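Enquirer: Chains as they are written, first to last, in the numbering used here: chain A, 1 to 114; chain B, 1001 to 1117.
Don't take every hint at face value.
[Unchecked claim] Listed next, the in silico DSS-like pairs over lysine-lysine satisfying Cα-Cα at most 30 Å (straight line):
id	chain 1	residue 1	chain 2	residue 2
1	A	57	A	71
2	A	9	A	71
3	B	1073	A	57
4	A	57	B	1116
5	A	57	A	14
6	A	14	A	83
7	B	1003	A	83
To be clear, the hints were calculated from the coordinates, so they are not data collected in a lab.
Model, not experiment: these values are computed from the prediction.
Letter by letter, the chains look like this.
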Amino acid sequence: DGGITQSPKYLFRKEGQNVTLSCEQNLNHDAMYWYRQDPGQGLRLIYYSQIVNDFQKGDIAEGYSVSREKKESFPLTVTSAQKNPTAFYLCASKMERQGHQPQHFGDGTRLSIL
Amino acid sequence: AQKITQTQPGMFVQEKEAVTLDCTYDTSDPSYGLFWYKQPSSGEMIFLIYQGSYDQQNATEGRYSLNFQKARKSANLVISASQLGDSAMYFCAMSPQIYNQGGKLIFGQGTELSVKP
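Excised from the complex, chain A in its bound form (with noise of 0.2 Å):
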């Protein structure tokens, strides 16, 4: 069944180190996109990509790194000057990088800080 992968489902980190969460899609989609959920909250955009080897940053991009060497491939690091890492974040997907379709989400991964 084609859809998107994201892994680990919980992470932890500890003070100064880096952690890389992974997302991978098979549905063969240009777009790829990393979302973070505080609770309560709605998402917010942390960076996205229209296509491979290019990325933008969204509206809360200071402290995360990403990479698109793949088409089905968009990890998220997330780095050491992220000083509020402990977050739900998602990951999504669409097939076109312009229009209106929509988009689909994985199943997410819980970021929490040991």
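Put chain B on the given structure of chain A with help from the hints.
Expert: Just chain B now, kept in the frame of chain A:
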């Protein structure tokens, strides 16, 4: 500024009754898309329904319908015949103009719906 507003933090509905979740939006773009997503307690985001700004008719998908009032900039979700499984957070979202935005979504704060047996 482009913004989505959901004014109902939480709502209750009796099983088998209909419920309306409010959503207003703010944009100056002539072309935009409006979406509703459901987020159960497990966390995944489930796409429910889409309305394009140029669509003449209100969107419907099974028990879900979108009451689109363009002049009022509102896009309310109507769930008919509520079921216990409808208990979840519901998010309204907007995708701004087609070009130069990368298809990103702007989300509201969400409404938590609880269905009572």
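Enquirer: Confirm or reject each hint.
Expert: Evaluation of the provided hints:
1. A/57 with A/71: With a Cα-Cα distance of about 18 Å, the restraint between residue 57 of chain A and residue 71 of chain A holds, given a limit of 30 Å.
2. A/9 with A/71: Holds, at about 22 Å.
3. B/1073 with A/57: Distance of about 28 Å is within 30 Å: holds.
4. A/57 with B/1116: Violated. Residue 57 of chain A to residue 1116 of chain B sits at ~42 Å, over the 30 Å cutoff.
5. A/57 with A/14: Measuring from Cα to Cα gives roughly 25 Å; hence the hint holds.
6. A/14 with A/83: With a Cα-Cα distance of about 11 Å, the restraint between residue 14 of chain A and residue 83 of chain A holds, given a limit of 30 Å.
7. B/1003 with A/83: Measuring from Cα to Cα gives roughly 26 Å; hence the hint holds.
Hint 4 alone, counting from the list given before, is not met by this structure.
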